[in-house]
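Q: Sequence:
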Amino acid sequence: MNLQISNRRQFLIRLAGTLLATALLIVLIRQAGWTEILAALKKISFANMLFAIGLIVASRLFVIGRWYILLRSGGVKISFADTTALTFTGLFSANFLPTTIGGDVVRLAGAMQMGFDRAVCLASIAADRLVGMLGMIFTLPYGLFMAWTTLGRGAAQSLALSAFFSRLANFLKRTLQTFSLWFKKPFALLASLLCTWGHMLCTFGALYILIQGLGSHVSFWMIAGLWSVSYFVTLVPISINGYGVQELSLTFLFSNIGGLTPAVSLTVAVLMRVLYMTASLPGAIYMPGILAALDTDRVIENKNGE
Numbered sequence: 399m400n401l402q403i404s405n406r407r408q409f410l411i412r413l414a415g416t417l418l419a420t421a422l423l424i425v426l427i428r429q430a431g432w433t434e435i436l437a438a439l440k441k442i443s444f445a446n447m448l449f450a451i452g453l454i455v456a457s458r459l460f461v462i463g464r465w466y467i468l469l470r471s472g473g474v475k476i477s478f479a480d481t482t483a484l485t486f487t488g489l490f491s492a493n494f495l496p497t498t499i500g501g502d503v504v505r506l507a508g509a510m511q512m513g514f515d516r517a518v519c520l521a522s523i524a525a526d527r528l529v530g531m532l533g534m535i536f537t538l539p540y541g542l543f544m545a546w547t548t549l550g551r552g553a554a555q556s557l558a559l560s561a562f563f564s565r566l567a568n569f570l571k572r573t574l575q576t577f578s579l580w581f582k583k584p585f586a587l588l589a590s591l592l593c594t595w596g597h598m599l600c601t602f603g604a605l606y607i608l609i610q611g612l613g614s615h616v617s618f619w620m621i622a623g624l625w626s627v628s629y630f631v632t633l634v635p636i637s638i639n640g641y642g643v644q645e646l647s648l649t650f651l652f653s654n655i656g657g658l659t660p661a662v663s664l665t666v667a668v669l670m671r672v673l674y675m676t677a678s679l680p681g682a683i684y685m686p687g688i689l690a691a692l693d694t695d696r697v698i699e700n701k702n703g704e
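Plus 398 on top of the position in the sequence shown (first one is 1) and you've got the working numbering.
There may be inaccurate statements among the hints.
Computed Cβ-Cβ distance ranges for the label pairs, DEER-style [claimed, not checked]:
{"hint": "1", "residue 1": "F494", "residue 2": "V634", "range": "15 to 21 Å"}
{"hint": "2", "residue 1": "F543", "residue 2": "K582", "range": "33 to 39 Å"}
{"hint": "3", "residue 1": "K440", "residue 2": "Q511", "range": "43 to 49 Å"}
Think of the hints as simulated: they come from the structure by calculation, not from any bench. Since the model is a prediction, treat every value here as computed from it, not as a measurement. Where is the CB? At the ideal position from N, CA and C, for every residue including glycine.
Input sequences plus hints: build the corresponding full structure.
A: In structure tokens, the structure reads:
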């Protein structure tokens, strides 16, 4: 009962955070001006938009490859096609389930439905997330440095505390616990990290293309650093799947540090959200069967508990 109350409270907090962030985002859009935002959107050519979508899809393939490597090296005999189906389903479900963890639950349910070992699959999902965080840590210092030099010491320290240091102890603890299975397989860890860097390269490239298409310019490395700061800020569990928080943080960072106008920064932030959601649409094909299996498992558990 206490666990249910706690989970409900966490969901309500995240829902309230999502609504607040969305409200602030709407205010920001009104301040930037619909006319300026629409004018910025019209600057992006079809070719640039197509290129950006292609890069986001490629980034998804790197994410699939990362989890596939971790699963196979952990002894799970899963095919790349099945890994693709599970990953896209998780990405799609994360669009509306509470936090991105909801997508992980769907991935785990799908893997169990396929008959794979629950413990190893759960560990691989945790490792998949941690490797993703580890990759972003490599570009985070540059983003914090730019914040330090542009916003001043106080603001940069606030960003660092909220985006990174508050999660560092938990990150190190979970890393040691989760990677126990893969410490004996360093090549698999390295390969999964390379997939993370490939995913990051495609994501930063898509941002670069969008910004260039809007008639503005930010260096590739600044994009990498600022996106990493936003990534860690979005990990703070105050909204559902980072809705509103990601857009607000990206708009703030690119307008105050990257030198973009608020209209362009906001347009880029919203476009990235749209591209990510678009790239997750293949998961809609596989999701009904996996969710049905998850519901069936819950029914069986309830009957066994009676």
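Q: At the C-beta level, are K440 and Q511 separated by a distance inside 43 to 49 Å?
A: 46 Å, holds
Q: Does 15 to 21 Å hold as the CB distance between F494 and V634, or does it fail?
A: 20 Å, holds
Q: CB of F543 to CB of K582, is that within 33 to 39 Å?
A: For F543 and K582 the Cβ distance comes to about 36 Å; the hint holds.
The structure fails none of the hints (numbered hints given earlier).
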